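Participant: Chain by chain, the residues:
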Amino acid sequence: MFEDFFYLLRDVGIPVSFTEWMTLQDALDKNLDNQSLLAFYYMARSILVKDIKYYDQYDQAFAFYFKDKTLPDKVRQQLLDWLKNPANRRGLMQRFPDFFEGIDLDKLREDFEKLMREQKERHDGGNRWIGTGGESPFGNSGVNPAGIRVGGSGGGHMALQVAMDRKFQNYRHDIVLDTRQIKVALKKLRNLRRFGVDDELDLDETIDKTCKNCGDIDLVFRPPKKNQVKVALFMDAGGSMEPFANLVNVLFSAAHASNHFKDFKYFFFHNCIYEYVFTDIQLEKKVPTAQVVRELDKDYKVIIVGDASMAPYELTTAYGAISYYNQSESPGIEWLKRFERHFKKIIWLNPLDARYWNGWTTLAIGQIFKMFPLTIQGLDEAVKALL
Amino acid sequence: MDMTDNSEFNIFTGSDDYIASPELQNIVNVAITLGKPLLIRGEPGTGKTKLAYSIAKALDKRLITWNIKSTTKAKDGCYIYDTVQRLNDSRFGDNDISDIKQYIKLGQLGEAFVDAGNVVLLIDEIDKADIEFPNDLLNELDEMQFTVQETKETIQAPTRPIVVITSNAEKELPDAFLRRCIFFYIEFPDEKMMADIVRVHFPDLEDNILKACMKKFYNLRDIKGLRKKPSTSELLDWIGVILKSGVDVDTIEKKYPFIGVLVKKEQDYAYLKSSSQFRDSKLE
Numbered sequence: 001m002f003e004d005f006f007y008l009l010r011d012v013g014i015p016v017s018f019t020e021w022m023t024l025q026d027a028l029d030k031n032l033d034n035q036s037l038l039a040f041y042y043m044a045r046s047i048l049v050k051d052i053k054y055y056d057q058y059d060q061a062f063a064f065y066f067k068d069k070t071l072p073d074k075v076r077q078q079l080l081d082w083l084k085n086p087a088n089r090r091g092l093m094q095r096f097p098d099f100f101e102g103i104d105l106d107k108l109r110e111d112f113e114k115l116m117r118e119q120k121e122r123h124d125g126g127n128r129w130i131g132t133g134g135e136s137p138f139g140n141s142g143v144n145p146a147g148i149r150v151g152g153s154g155g156g157h158m159a160l161q162v163a164m165d166r167k168f169q170n171y172r173h174d175i176v177l178d179t180r181q182i183k184v185a186l187k188k189l190r191n192l193r194r195f196g197v198d199d200e201l202d203l204d205e206t207i208d209k210t211c212k213n214c215g216d217i218d219l220v221f222r223p224p225k226k227n228q229v230k231v232a233l234f235m236d237a238g239g240s241m242e243p244f245a246n247l248v249n250v251l252f253s254a255a256h257a258s259n260h261f262k263d264f265k266y267f268f269f270h271n272c273i274y275e276y277v278f279t280d281i282q283l284e285k286k287v288p289t290a291q292v293v294r295e296l297d298k299d300y301k302v303i304i305v306g307d308a309s310m311a312p313y314e315l316t317t318a319y320g321a322i323s324y325y326n327q328s329e330s331p332g333i334e335w336l337k338r339f340e341r342h343f344k345k346i347i348w349l350n351p352l353d354a355r356y357w358n359g360w361t362t363l364a365i366g367q368i369f370k371m372f373p374l375t376i377q378g379l380d381e382a383v384k385a386l387l
Numbered sequence: 001m002d003m004t005d006n007s008e009f010n011i012f013t014g015s016d017d018y019i020a021s022p023e024l025q026n027i028v029n030v031a032i033t034l035g036k037p038l039l040i041r042g043e044p045g046t047g048k049t050k051l052a053y054s055i056a057k058a059l060d061k062r063l064i065t066w067n068i069k070s071t072t073k074a075k076d077g078c079y080i081y082d083t084v085q086r087l088n089d090s091r092f093g094d095n096d097i098s099d100i101k102q103y104i105k106l107g108q109l110g111e112a113f114v115d116a117g118n119v120v121l122l123i124d125e126i127d128k129a130d131i132e133f134p135n136d137l138l139n140e141l142d143e144m145q146f147t148v149q150e151t152k153e154t155i156q157a158p159t160r161p162i163v164v165i166t167s168n169a170e171k172e173l174p175d176a177f178l179r180r181c182i183f184f185y186i187e188f189p190d191e192k193m194m195a196d197i198v199r200v201h202f203p204d205l206e207d208n209i210l211k212a213c214m215k216k217f218y219n220l221r222d223i224k225g226l227r228k229k230p231s232t233s234e235l236l237d238w239i240g241v242i243l244k245s246g247v248d249v250d251t252i253e254k255k256y257p258f259i260g261v262l263v264k265k266e267q268d269y270a271y272l273k274s275s276s277q278f279r280d281s282k283l284e
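Top to bottom, those sequences are chains A and B.
First residue of the first sequence? That's 1 in my numbering, and the numbers climb one at a time after it.
First residue of the second sequence? That's 1 in my numbering, and the numbers climb one at a time after it.
Hints are computed from structural coordinates only; laboratory data are not their basis.
Every value quoted in this text rests on a predicted model; they were computed, and no experiment measured them.
Where a beta carbon is used, it is the ideal one built from N, C-alpha and C, also for glycine.
Among the hints, a few may not be true.
[To be verified] Beta-carbon label-pair distances, calculated as ranges:
1) A:Glu275 x B:Lys244: 54 to 64 Å
2) B:His201 x A:Met22: 37 to 47 Å
3) A:Phe195 x B:Ile100: 24 to 34 Å
4) A:Asp199 x B:Thr151: 22 to 32 Å
5) B:Asp142 x A:Thr316: 55 to 65 Å
6) B:Phe188 x A:Thr316: 50 to 60 Å
7) A:Leu219 x B:Asn168: 50 to 60 Å
8) A:Gln367 x B:Asp142: 29 to 39 Å
9) A:Ile368 x B:Lys73: 39 to 49 Å
10) B:Glu187 x A:Glu275: 14 to 24 Å
11) B:Ile80 x A:Cys211: 23 to 33 Å
12) B:Gln145 x A:Val12: 50 to 60 Å
Isolated chain B (complex conformation) (with noise of 0.2 Å):
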């Protein structure tokens, strides 16, 4: 049997800028080719909301955000009729009002199912809206259309968007929207994929300094209590600074310079300076 057979099928392989476990590389693509939203969970920092710009960037597609409040319907991101405007308009007459059409701006729901073959939809973040949100959502994702009511016209996706859903929640989303998902669970990332994405950013880094925060990095993940581990992120802020600083490799080793970029919290900060296991490195 030819494995190269669905090398049609293949087509996200992570892009420049974004390194992706060949494991979550092949479940994109199952999400793609089967055309189900991908739900995407996993620490803070591992690269939830970053996997859909890759996506689109590695598909040269274009990337809709649908940023999720505590306050988002789901009808917003089908569409918006903008009442207010059509009264504004009625009194000055500078629109002919009887067209409602012009009154009806499209969602990022909306605008993805217009442009479907082209876009990248991500809904960023869906634990944030009210508990029975992604119900509503629902009946859109599974026909790919929804009617505007004012106008009864029917925006219809030609062909499955490729939709991305990030969530931070354990548990808050119901079954039968969960059913519908292919689902991922981000795990962060060990040393080696750690070094792989820190060279990513950093293609200069020497390697003895990228040895040297690494180590330290994952010694202060692996502290118990503390109430924000670093991640990603704070790590390749930390590796930035330390660059620009020009702090040499003996100092990172024995202290941590800058640790206000890996540690946030002044809780956490407070802990460390009184925590047992520090005594051996300084903080600043």
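Looking at chain A on its own, in the form it has when it is part of the complex (with noise of 0.2 Å):
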């Protein structure tokens, strides 16, 4: 039932497994939606979409899928047949009496009928789902004479309506990367030594040790393993980088969350490292890069994330930076040696497509330094570079 729902919602970007369909037709069979088509909207929506930022594509895809197309063929049949059941108005009746005072059921089922007609008819032109207005009688009197109890004592609003709320607009963001796949592949960023404080039962220390007391036990702890690696990572925040706020913001905030380096700085730049980096991405708060070279030790793992993108004095030039309070003696260049001279370890993350990495300065910023794409593979390979 509903097979090109499923494929709906897999066009419209939710990444719904064939397993998850599965579920929903299990929770269907077992009538778990209890006949009604709001809750078939939630208990779908838990089903089958596992992140608030699939919920407006979900959201549009219903609308679309039960209003503009209205309801599949067969379902429609079923609730006209069911309506034409005498018996069955009866139950409605009994249930919801207040609701059916003065309502003419067959004048209903008439309104009912043209509502159909006329939206199959209206809609196939190709208009996506405008109208918001069109409340059905069936809609308002929250009963769907199929046994789809539509809003009603259920809460007050129709699923339709709660789907074309689109209250979940604002969490949607198209990322390429996700936070995990980023920490995932950050999480290869590591050198574990054991550091600290000895809580960890060492078992084969404390078994040698045992044997030669004579059996009498002597326990042997040692300290955990933790990762020694630390990261600094460079951004540029200028603004050719514009398009690419959000991938590295993405990138920053895996980075941040991980918890298993040893230290994690992070600094920001505009368009190349002159003399003076900034701890914010507004670029106000300013520290001296030769400050920031001789507190780091030249262990730290160095990640400079940018487009390589400039103008060739900007790169090439003494006072060549293009932000008039930001200039410096020595041209970027010289800052770009100095931190590969430094540094053991030191990558360039590149958010532009490799195609488009012929550029005057990507092509002399890649001979100083190892440039990986910001992709997930570029990642990976920039992370084994780093060990």
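Starting from two chains that each stand alone, build the complex the way the hints lay out.
Facilitator: Dropping the structure here:
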């Protein structure tokens, strides 16, 4: 049932798996939707969509599928058949006496059929689900004749209205790399050594000592293994990086949240690294680059993120920096070379597609540092190069 | 079609100290019936953890809480083999050390499996653990069994226990794990629902005080730039303090008495003090 809804969800970019789809079928078999479209809306969402960032797509797909196309033909026929059976009507009347006061059910059915016809014709023109005003008398009366309860006592909302509210619009972010993928990649960046308080039982050593002790137990403890890797991240926050701001943000938050580094430092710069770098993305709080280099020892793994695209003079001329307030006696390229000399491991991540790495400055920087694309694969390779 | 057909399925309807929205109630029941873990996310203070308490209470089951920390290992949840105790016993000979079984201590997951029909297992803040933690749990949660390596004994759940998992993080959980869960995002309660929640905790609260408090509370939440927006639990604490101190409605409307209960971050407090949005009501 509803197979095309499954494909619609996948088409709008929600990663619904077949397993989840089968779970939904299972739930429907068990009547867990209580025959209510509203309950179905929530249930299907809970089973199929596991991240709030997809809720908006889900809402749109749901509204499109269940309104624009109206109900699938089979269900619609079932609705009509059901309504024609007087026994069912009686049940409805008993259940909701207030609702049916003054409502002529035959008239209601006629209206419903008419509405169905109209909607089909009207919407076939390709207009996607415009017309939120189209609350049918059915939605309002809170009872859908096939036993599909739409609203009513459930919560006062029609499922479609809930879907069309698109409350989750702001949660949506179409990102290429997600935090988890980056975290997994960064996790490989480790160098485990024992460090800290002795609170881990060293079993081998304990057995050894105990044996030497003629069976008198001698417990040996040791410090647990801890990651010794220290990371410094330098991010370009300049104008040409604007399109990648989101991507860099994700990288930053993933690295920042990775609590397995021994130390994590981050700085921002504009186009190229000059005499000062900044500790905030607004480029207001500056620290002398020389001081940074002095304070970070050579074992820091340095990751520079930037598109390496600038005017050649910004890289090679003294006082070439584009920002008036960040002028520098040494040209940018000298600072980069100084980084390269100081740190043992240093790489450059470039968010630009590698096809566009033929700019003069990109090539020049590429000769100083190993450059990798800011993709999962690129990040994996970069991490390997850093170890 | 009779809608009461599913009455035996519809079991969770909230408890007397917890208000669950109808859609949440339904999802809880869906998860229980399908035997899938229920993954709950939402703003802090929306009652993610309390939901598990409420399910346990409403269904008269024992709650087993597994608080996840950064050092938690999936295996610890199954069982712990207390080697040190055994080593120690071997020295004094108090126990029969050849019986390894007595040194196997079941973890929360293991306990929940043994008593599966009568428990609700809460795995709280799963995102706190190592990034691979959820993957390590997959097999156990799928098969509802694990083997104690030392004794070759298999701990198997006779039926699927109710499992509630809470998470704060954005997208930290692996897809394979997510596929097996039923997911629900608890939205911040709207005013009507919030009023219901407050009523549960303060049944005798006067209407005008409730109204004034709610108004101030939602005003505060609407202010942009707060690092930590006050949540349900803060509102409840605040109303509690206001009732105890006997502050009158007028004061609540004009000022923010005891704002420290609502705003807990120093930066937020400083921000509010300087904020133009706050000129009409004094902070203390």
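Participant: For every hint, state whether the structure bears it out.
Facilitator: Here is what the structure says about each hint:
{"no.": "1", "hint": "A:Glu275 x B:Lys244: 54 to 64 Å", "result": "holds (59 Å)"}
{"no.": "2", "hint": "B:His201 x A:Met22: 37 to 47 Å", "result": "holds (42 Å)"}
{"no.": "3", "hint": "A:Phe195 x B:Ile100: 24 to 34 Å", "result": "holds (33 Å)"}
{"no.": "4", "hint": "A:Asp199 x B:Thr151: 22 to 32 Å", "result": "holds (27 Å)"}
{"no.": "5", "hint": "B:Asp142 x A:Thr316: 55 to 65 Å", "result": "holds (59 Å)"}
{"no.": "6", "hint": "B:Phe188 x A:Thr316: 50 to 60 Å", "result": "holds (54 Å)"}
{"no.": "7", "hint": "A:Leu219 x B:Asn168: 50 to 60 Å", "result": "violated (38 Å)"}
{"no.": "8", "hint": "A:Gln367 x B:Asp142: 29 to 39 Å", "result": "violated (51 Å)"}
{"no.": "9", "hint": "A:Ile368 x B:Lys73: 39 to 49 Å", "result": "holds (43 Å)"}
{"no.": "10", "hint": "B:Glu187 x A:Glu275: 14 to 24 Å", "result": "violated (49 Å)"}
{"no.": "11", "hint": "B:Ile80 x A:Cys211: 23 to 33 Å", "result": "holds (25 Å)"}
{"no.": "12", "hint": "B:Gln145 x A:Val12: 50 to 60 Å", "result": "violated (38 Å)"}
When each numbered hint is compared with the structure, violations occur for hints 7, 8, 10 and 12.
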